[in-house]
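Chemist: Sequences listed follow chains P and R, in order.
So in my numbering, spot 33 of the first sequence is number 33, and the numbers just go up one at a time.
So in my numbering, spot 160 of the second sequence is number 160, and the numbers just go up one at a time.
Heads up, none of these hints are tricks.
Identical chains blur together in the list; that is why a pair holds if it fits in one copy or across any two.
Below, computed lysine to any residue pairings styled on SDA-like, alpha-carbon distance capped at 25 Å:
| id | residue 1 | residue 2 |
| --- | --- | --- |
| 1 | K82 | T122 |
| 2 | K172 | Q23 |
| 3 | K85 | S51 |
| 4 | K35 | I107 |
| 5 | K36 | S64 |
| 6 | K82 | P37 |
| 7 | K85 | P37 |
| 8 | K82 | S51 |
| 9 | K82 | Y47 |
| 10 | K48 | Q62 |
| 11 | K36 | Y24 |
| 12 | K108 | A165 |
| 13 | K82 | V54 |
| 14 | K35 | E15 |
| 15 | K85 | A53 |
| 16 | K146 | D67 |
| 17 | K131 | N28 |
| 18 | K35 | E161 |
| 19 | K35 | I160 |
| 20 | K108 | R167 |
| 21 | K108 | V173 |
| 22 | K131 | L26 |
Keep in mind that the hints were calculated from the coordinates and are not lab data.
Now for the letters of each chain:
2 protein chains.
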Amino acid sequence: PKKETIYSNRGMTLEEDLNETNQYYLANGLAVIHKKPTPVQIVHVDYKKRSTAVIKEAYFRQASTTDYNGICNSKYIDFEAKETKSPTSFPLKNIHEHQIEHMQNIIKQNGIAFVIIRFSLTEEIFLLEGKRLFEFWDRMKNGGRKSITKKELMIHGHPIELGWAPRIDYLKVIRQLYGF
Amino acid sequence: PKKETIYSNRGMTLEEDLNETNQYYLANGLAVIHKKPTPVQIVHVDYKKRSTAVIKEAYFRQASTTDYNGICNSKYIDFEAKETKSPTSFPLKNIHEHQIEHMQNIIKQNGIAFVIIRFSLTEEIFLLEGKRLFEFWDRMKNGGRKSITKKELMIHGHPIELGWAPRIDYLKVIRQLYGF
Ligand SMILES: [Mg+2]
Ligand SMILES: [Mg+2]
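Input sequences plus hints: build the corresponding full structure.
Modeler: Structure follows, in structure tokens:
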């Protein structure tokens, strides 16, 4: 049956939608996938107050891995999620070299690595497998364009329609691709 | 050949030793396992300074999962690491209920979950599989003792000798137990 309802993301960020999605997966016993906490370098903590320690000085650190990982049906799952305000292409400067290396290491261990990209202007969402992402990364490294066009994502990636529950059913795509 | 060198941990914390171990695994292509960042709730950030955002008020949050996860040879790996100054037993108050639930969820997805316990006074280290930990947890819930004795860890857990590289070779134990 053809889907007739088109959901809007009601101003939720990609991260909020993915957290809801992961909560749905968890509550239904489908997967255990969590966002890692934001890495913070803590410099000064005030222990004076009796009950709670207050962090008084800290700095954001660059993540050395991807944002999300976990397990679904024996399979290790690892991905990065990125939103762009650009209308027609995804700028590769949103991804860091060590995140590419991390995804390559994951795939060497036979894990599943990918990136979820949202174009916030149009609310279009694509899943792009690690091995495809690496090709675009290499193209950039070899002097080619520094972004992935939406047209390329339509060919080499997989569109994900926004749903109600789960909101971003990326595991549906992954299970089809990897046959589990 | 019998090991003759006894390594001392030179005052390193369990976390430092495990980070070195995980770096060794990563550098040698054996596994990709990372410690998750400490979860912090950020309340106030000072963006005034031109270059760096300074976190001026933040609080430690309780972790909803375990501290370490990753992949080794297709297998999803998930564990918590705990040190105790108690000489003869590991107090279960060091583990939170939601961490037990998380480990149970991981095992339902066919992942490998365990805890690494170090007695800091004697530098003894034990690996205890999730399924064993749950038995001690249930004993406590049913009114039994609130800790696991070292004797019980010797029977139901697996001692890990401190080494040079890797320092805490927990994957050796896991690979033997799970046959991979
Ligand atoms: Mg990120
Ligand atoms: Mg912890």
